[in-house]
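Undergrad: Join the two chains into one complex using the hints; note that each chain is given alone, in its own frame.
Chain order of the listed sequences is U and B. Once you know that position 39 of the first sequence is 39 in the numbering used here, the rest is easy, because the numbers rise by one and skip nothing. Once you know that position 90 of the second sequence is 1090 in the numbering used here, the rest is easy, because the numbers rise by one and skip nothing.
Source of the hints: derived by calculation from the structure; they are not laboratory data. Idealized CB from N, CA, C, for every residue including glycine. One should not assume that every hint holds.
Label-pair restraints from in silico Cβ distances [said to hold, decoys possible]: (1) B:Ile1007 - U:Glu59: 41 to 51 Å; (2) U:Val111 - B:Ile1047: 32 to 42 Å; (3) B:Ala1068 - U:Pro14: 30 to 40 Å; (4) B:Asp1018 - U:Lys79: 43 to 53 Å.
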Amino acid sequence: SQTIHQWPATLVQPVGSPLSLECTVEGTSNPNLYWYRQAAGRGLQLLFYSVGIGQISSEVPQNLSASRPQDRQFILSSKKLLLSDSGFYLCAWSLAHTEAFFGQGTRLTVV
Amino acid sequence: GQQVMQIPQYQHVQEGEDFTTYCNSSTTLSNIQWYKQRPGGHPVFLIQLVKSGEVKKQKRLTFQFGEAKKNSSLHITATQTTDVGTYFCRDRDDKIIFGKGTRLHILP
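Looking at chain B on its own, in the form it has when it is part of the complex (with noise of 0.2 Å):
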């Protein structure tokens, strides 16, 4: 079946830096849904891309679709201590399965 892998497993950035969690697939995804997790509490959806090449906008963070539909990003700029937690994308099918995630520590 087809996997969602995620990358990198584990980021540290300084407080201000920049940081990017990638989900790649060996198969061309429907879609991609990104969701984040504090700490200690339950993942809450962050957004969902469709089209080929998408870019769409949060504040801070940046998603991307590429342009073969195979892999996303999630970039987020000047990070902040409230970023700290999990990051997850998953491809949308009914199954709803995860990629292993990237835990975001930001050091102040």
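If we strip away everything but chain U, and leave its shape as in the complex, we get (with noise of 0.2 Å):
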């Protein structure tokens, strides 16, 4: 079966340090990728998503980027945190036109 791994769970970060947070898929092949960020009691918007090795689409102008070093990992970094960039961050996958599964997700705070 499938699963998906995300972490860490919570994050603790001074501003103006880097981040790197890592998600990554088992049993299944080419899943298309995505990373959300959901503020306290807010929607999910969609920052990145990606259709396969190295490739990445972001749907937002920030602070943040995305990588794809492998079918099935999905790497979400900063090189200097902001406070803003504090949140609920959640790695998603699906397979074309199927539902998607999330990961537990990490709580970031930006101190």
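TA: Written out as structure tokens, the structure is:
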């Protein structure tokens, strides 16, 4: 069966520090991969999505970047975190035109 | 691009009352999916509707897809505390853009 792993679950980082969140999927091939951010009590904002290795589409201009070095690995990064980067980050995968499966999420607090 | 609007944004109901959230689009949807996110959790897929006028039920939850495939609704009968959370709809496309969701609060 397919599983998605996202870590860490919580993270507290100082302003200006770098960020790396990792997401891996098991049990499927060539999934579409997604990064979302959710502010407290708000909706899901799509940050990046990828339909294949090395293919990244950015939905909003921001202080973040994403990479897909392997088929089932998706990484969210920042060189210098801002206070406004705080939030709940969710990784998800789907196959074309199917439902999305989410990781457990990373709660990031920038202090 | 296509936008999916979801209303209401928040809803407080007394336990045992019914609840409905609506998803509306300005253009025809290919299909619609519904998700539930419990407080502190991640969204979980509930159901997908494909056909015009389709109605599906999951216990106390009833999902409808409009005849014109431009709107959808999720109705919960006799809410329970376990129904607390945010309900999202999305049009099925590769980007997976979600509506803003409806946060349901249950008053005991």
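Undergrad: For which of the previously enumerated hints does the structure constitute a violation, in increasing order of number?
TA: Per hint list: 1 and 3 violated.
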